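Colleague: Quick note, the sequences are listed as chains A and B, same order.
With our numbering, letter number 69 in the first sequence gets 69, and the count goes up by one each step, no holes.
With our numbering, letter number 295 in the second sequence gets 295, and the count goes up by one each step, no holes.
For the record, the hints were derived by calculation from the structure and aren't laboratory data.
Given the structure is predicted, the values throughout are model-derived calculations rather than measurements.
Backbone N, C-alpha and C fix where the C-beta goes; we use that ideal spot for every residue, glycine too.
Don't take each hint at face value.
[Said to hold, decoys possible] Short, incomplete list of chain B residues facing chain A, as computed with Cβ under 7 angstroms: (1) His21; (2) Thr22; (3) Val30; (4) Val31; (5) Leu48; (6) Ala51; (7) Lys52; (8) Leu54; (9) Val56; (10) Ala91; (11) Ala95; (12) Ala113; (13) Gly127; (14) Asp129; (15) Val153.
[What the hints assert, rightly or not] Straight-line C-alpha distance at most 20 angstroms; calculated PhoX-like pairs for lysine-lysine: (16) B:Lys275 / B:Lys311; (17) A:Lys42 / A:Lys88; (18) B:Lys311 / A:Lys42; (19) A:Lys42 / B:Lys275; (20) A:Lys88 / B:Lys42; (21) A:Lys154 / A:Lys311; (22) A:Lys88 / A:Lys154; (23) B:Lys88 / B:Lys154.
Here is what each chain is made of, one letter per residue.
2 protein chains.
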Amino acid sequence: MSADLPRADSFAEDALLAHIHTTVAGAEHVVVGPGDDMAVIKVNGGELLAAKDLLVEGRHFLGTASMAQIGRKAVTRNISDVAAMAAKPVAILAACVLPRSITQACAQELVDAISRTAAHFGAPLIGGDTCVHVANGPLTISVTVLAQPLDGVKPILRSGARAGDHIFVTGALGGSLQPDGGGHHFTFEPRLAESHALARLLGANVHAMMDLSDGLARDGARFAQASALQAVIVAEQLPCTPACVKAHTQVNAWRGALGDGEDYELLFAVAAGVKVPATIGPNNTPLTCIGSLQALPGTNSEALICMHNQKVVDVSQLGLWHNT
Amino acid sequence: MSADLPRADSFAEDALLAHIHTTVAGAEHVVVGPGDDMAVIKVNGGELLAAKDLLVEGRHFLGTASMAQIGRKAVTRNISDVAAMAAKPVAILAACVLPRSITQACAQELVDAISRTAAHFGAPLIGGDTCVHVANGPLTISVTVLAQPLDGVKPILRSGARAGDHIFVTGALGGSLQPDGGGHHFTFEPRLAESHALARLLGANVHAMMDLSDGLARDGARFAQASALQAVIVAEQLPCTPACVKAHTQVNAWRGALGDGEDYELLFAVAAGVKVPATIGPNNTPLTCIGSLQALPGTNSEALICMHNQKVVDVSQLGLWHNT
């Protein structure tokens, strides 16, 4: 997120998440608990996936955004989580806390955009809640998405990568946020078709997958951590969007690809030696190898290192870590 | 909700909900869409129930509440929805937008309370999201609860009541909010055991059920509307809590029972002639007949009328309609 859309203190957020992960009690019907893109539980003898994301004014969009943009993003952010698991969306629920100043027409535009986008992805809006802020407060939307495994495809987890795996991304990275608050983060197409095609083509050779929202520098580290490995990213191999090149210049575009965030592309690990096509899906979305995973050299090693001009460069401050 | 916890403009909220109900596209796997206490969808050849509620500072609790109270209520509000369907909770997801001033310790207390309460009801916390407000903003929590039908029991819908049915409530009503912001709305036990016992004892003779959160005057009208009937409530029959009597005096306690809200008791319709026990469940919770349902006298008739001293009294302003 750019400087005009500040983020929570990463200490607070990451420490809180770590606390949640360690204190949640296991249960027999919980296959995957907190920490992956979606949770997986056993229901009626099969698996059900569930995820819940927030969209808050000032944090995930600016006050200048339209209700159509906001409602669409509230849903597509969650559909991107479904893509990350190679699953199939089945329903959404939405809860909206509305500013006191909102008009009836705007509120209806918002729910229409949520409902329309949800239906487009085969996940009808089945319920939720609304209320109006008592005093001043930002427009806040929480969407829950429910999904089922694709026929014959096990959900692909964030963990499961192995040393030696190659790391790939779909599409191109960086430049998602325009200075006016618009840009790719409102218009992105969740990589659902690409994810399904990958799972069908490569099967169990896709060892791990997640979607990128906080920037490759941050999410790539989480990705490697989930499998207790180290990601080695090669800056020169990073595919950058034209907006990224424009914002950072050609020479520095790789920094934008690592740090800008809000990409909603897929990051996935494939067994070494497996042939990965150059493009995938109905729109021939590019697939690019950007590095590999290796065993952690030591217990205190960085989870992600980045090579630039064949030297390790410090990218630990990139991504949405410290933009409070 | 009392005057110190103002509610959204009822026009905006009800009109928005009506808009959502009319614009949501149907889908084959959606058994019950928006408008009931929970949605019901078909998953893996069986049924799955889902609901999502909001808890917003100033609206559902005051700033003086403890994290333990807030976290508990965020979950029990949703478990009350599960009780209203006579279903069994299986998992929850929680999303929290935290005020900038919150400490790490407070945030952890909040998620601990959510997690502990969820586990207590057999619905482990499986996922969610957190972020911190960019500027000033109230603590906001959205909880999604997933549930499954009880073995051999079809979910009991809000609709399904018939003319002639008797209307019952569990427990007692009114006085839920103390002047200091505390009270029953933080400590209530969702009527899960009572609901299951009722469904098992009376089976399909329980025609319709919902939980009471906005006050009987408002929720009773919604209950009757869901079956296109008119509810006739007898003021003298309303069971009132001691707190309700204390707040409104013995003579006027019935008004508190209709209007105070945040009761989280069950309202249900039983076929006439069916014997309903005086108490139900492991704690011998009282069941009280408070009126009946009849055919709507005309298309513009009130959905709920209240008899007091054998005369119709206007209660349309009671409940959480106009406390903006």
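Colleague: Which of the numbered hints are not met once you compare them with the structure shown?
Modeller: Hints 1, 2, 4, 12, 15, 16, 18, 19, 21 contradicted; others consistent.
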